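Residue numbers (the numbering used here), protein chains in the order written: chain R, 556 to 1147; chain X, 1127 to 1242.
Some clues are possibly wrong.
Now the stretches of chain R that chain X is said to cover, found in silico as 3 or more residues with beta-carbon under 8 Å [unchecked claim]:
{"#": "1", "region": "691-697"}
{"#": "2", "region": "798-806"}
{"#": "3", "region": "811-821"}
{"#": "4", "region": "1107-1113"}
Over the 10 Å line for every Cβ pair with chain X, so calculated as not near, a few chain R residues [stated by the list, open to error]:
{"#": "5", "residue": "740"}
{"#": "6", "residue": "751"}
{"#": "7", "residue": "954"}
{"#": "8", "residue": "1029"}
Keep in mind that the hints were calculated from the coordinates and are not lab data.
Quick caveat, the model's predicted, so the values are computed rather than measured.
Using N, Cα and C, we set each Cβ at its ideal position, and we do this for glycine too.
Listed below are the residues making up each chain.
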Amino acid sequence: MIDQHIEDRSRSRRRWVSLSWALGLALWAVAVRGQGQPVTEPDFDVVNVDLTGQLFTNVMPFDVPFILEGALPAGAIEIEVYCTKLQFERGKGPDLVIPAAVKAAHGKAEIQCWEGGPRVWRNVLDPASPPPKFRVLIPPIEAEQYYQFLFQYRKQVSPAEAKAFAEKVQTIVGSSLWQTGAPPAKWPAHGTLLESELQTIHDELSAALREVTGAERVVVPGSVFDPDAPFATVRDRFNGDLRPIRQAQGQIAASLENYDGEADTLGALLASLPPDQPLLAKLQAALAGLVAAGQTSLGDEVAALKALASLQPAPAVDSGARASLEKLVTFRDEAVRAVGATRDALGEVGQLLASLAAGGARQELGSSLTSSGALSAEELVALVAMADNQGLVGKPHRAAGRALQVLTEEIAEPLSARQAALSKLARDYETLVGGAVAVAGSTTGGVVTQFKNYASFDAGIAWVPEISEFSNYVGMNLYTRPVNKAAALSQLGNFRQTFSRRFSFTIGLTLQGVGDGKTREDLFNNQSLVLGVGLRLTGSVRITAGAVVFLEKDPNPLVDDDQEAVSPFLSLSLDVDVLPALKGVGSLFRTQ
Amino acid sequence: MAITIHSRLTVTPDTIGFPSGPIKLTQTLSSDLGGEVATIVYDLDRRTNVEFKTPTGTTQELVLQGVEIPGTPTQRVDIVQLVETGGGTEVALVEIDQTIRSENTRRDSVTLAVQH
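Chain R with its partners taken away, still in its complex shape (with noise of 0.2 Å):
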């Protein structure tokens, strides 16, 4: 009887356990239903990316809202985050999307991440003082899916990258006009300027202005880098810039074909004034003898009929020279200095020549000479003839003068009007540039989200109507599915469509033993195994349905044969992440 009396005290003791947790479970559970609701941000899971290395540097979470957090790019002054789900055979890994398509295919129904297009992150700070970091909160995304992520920030074009985009702008210009549309025996290219060459040299610009600035896109709407406006906008204000470069570039063209055309001349006037002619020989013969004599300050008359000997023909412009301005300007200042002493040798020559029958010294000179018999009349007379326009050297003389006016006068200007063109352009394109609006991109490579999320762990109250006992127990619960468990079930839609996320089952042991030692003992020890299915009801709150397993003794106490035997139950359980916020409500309940 006191045996008995004991049990059964002991029996009671457990049931009100038992019930207190129950109860506490339920008041938790009611406390929890509002678990729904949207949860401050200190709650959102946070992944880092890295947009320089173009990856996220830990797996994302599913089924919950989270916050995307990175370094800022810098100047960046907005961010627009989108997202493409990969398509991927199992085994063989996502295929990768190219980087522009992600932002097309964002839209598409089948591979979207999330509804309403991208998400935005604005830098309302001074810009001077840009924060380092940019966070962004990203919709719930699916479990055990690739994605792929473009970040695509906005940013104003800086001073410098401005002043870069200038440099640019020169060399390109200045080499694509200099050659297009032409062979390099004709440069600079001249002449019509037809729409597509025209195109390259802008799409070479548009490119370089993304290179200096790091930028997919420069937005400076309504101008020639306006990459929102057909090329047939912006033509007409783009050719009108390149005009007066390719307009010097004709007339030093032109200039060059003077001056080709002037050397020829020069050349054959040269080749018909041969450095023995036989009257100039004569003279410088007798203007020798006469040093010889004594008359040294006709040294100098001398020199300059010897002279004649190594006039050099004006250099021809050749490809070489015509490789490029600089080249061109070396070239044009080499053959000023040729030039320029076959002009003056001649100049000598024929002030030499004209001043033997102009009066004064030199005329008594040229009477000496005949009077000596050094010089027929006749000869004088060929020789003063000489130096005339239509001269032997009078004409080279005059040839050589246009030549070295061309060199030193006509192509100057178109030189210096290119350069200046060139520069104008480059100021008026940094004007134009800086500060406005660039947008980059950066697209991670194939991202992954959690895998391992199939099980989670509760502790419950079952109660077993058969054998009238409460049982306190903890299993596993293996769902169907990933299932976050930080995801608000509301949230995910309603009971039908969350049923995978809700829906596991369920294996465990009992914590105290439903053994009686006369009809029934547990199955191991003093615990016994909890098999069922059971079904979220909050995030934390299940309901689980099932079967305590545990050995039948046989009535005849002369048999040791238990049997294993099963015995319904039904039981509500809690997540055991909750349990240590339940300490407090517990107490409440605990018998004295």
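On the provided structure of chain R, position chain X as indicated by the hints.
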């Protein structure tokens, strides 16, 4: 005898549509022999369908004969008009080449931007 260009050929206006209005070509020339007669030829790119409009039709080569070039630098002006014959050349910049022939040959050019 020879011609010297003192001031390069300039064009007004420098941006045109087709058909263009009057285009003024201005230049300062002199002869280094006190004056001479020259032939001035204006040319257009044969690859295009841009032509000069003349009283008798259109041409890509405009020849002015018997042009007096004085010995002192003197400004001279020629007026031309451009038209597009046919279509589809897609010209962005068009160049008018000038050749002055006398004792020597002198070349010059101007470039016009085409508005569509």
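Hints and how they fare:
With 0 residues carrying a beta carbon less than 8 Å from a beta carbon of chain X, the region 691-697 of chain R misses the three-residue requirement, and the given coverage is violated. With 5 residues having a Cβ less than 8 Å from any Cβ of chain X, the region 798-806 of chain R passes the three-residue criterion, so the hint holds. Given as covered by chain X, the region 811-821 of chain R passes the check, having 5 residues with a CB less than 8 Å from a CB of that chain where 3 are the minimum. Only when three residues or more bring their CB closer than 8 Å to a CB of chain X does the claim for the region 1107-1113 of chain R stand; here the count is 0, and the claim is violated.
Taking the minimum C-beta to C-beta distance to chain X, about 16 Å, the non-interface status of residue 740/R holds against the 10 Å cut. In this structure residue 751/R is not separated from chain X by more than 10 Å, as the shortest Cβ-Cβ distance comes to only about 7 Å. The claim that residue 954/R is not at the interface with chain X is violated, since a C-beta of that chain comes within 10 Å of its own (minimum 8 Å). Residue 1029/R, annotated as away from the interface, keeps every beta carbon of chain X farther than 10 Å; the closest lies near 81 Å.
The structure shown violates the earlier hints numbered 1, 4, 6, 7.
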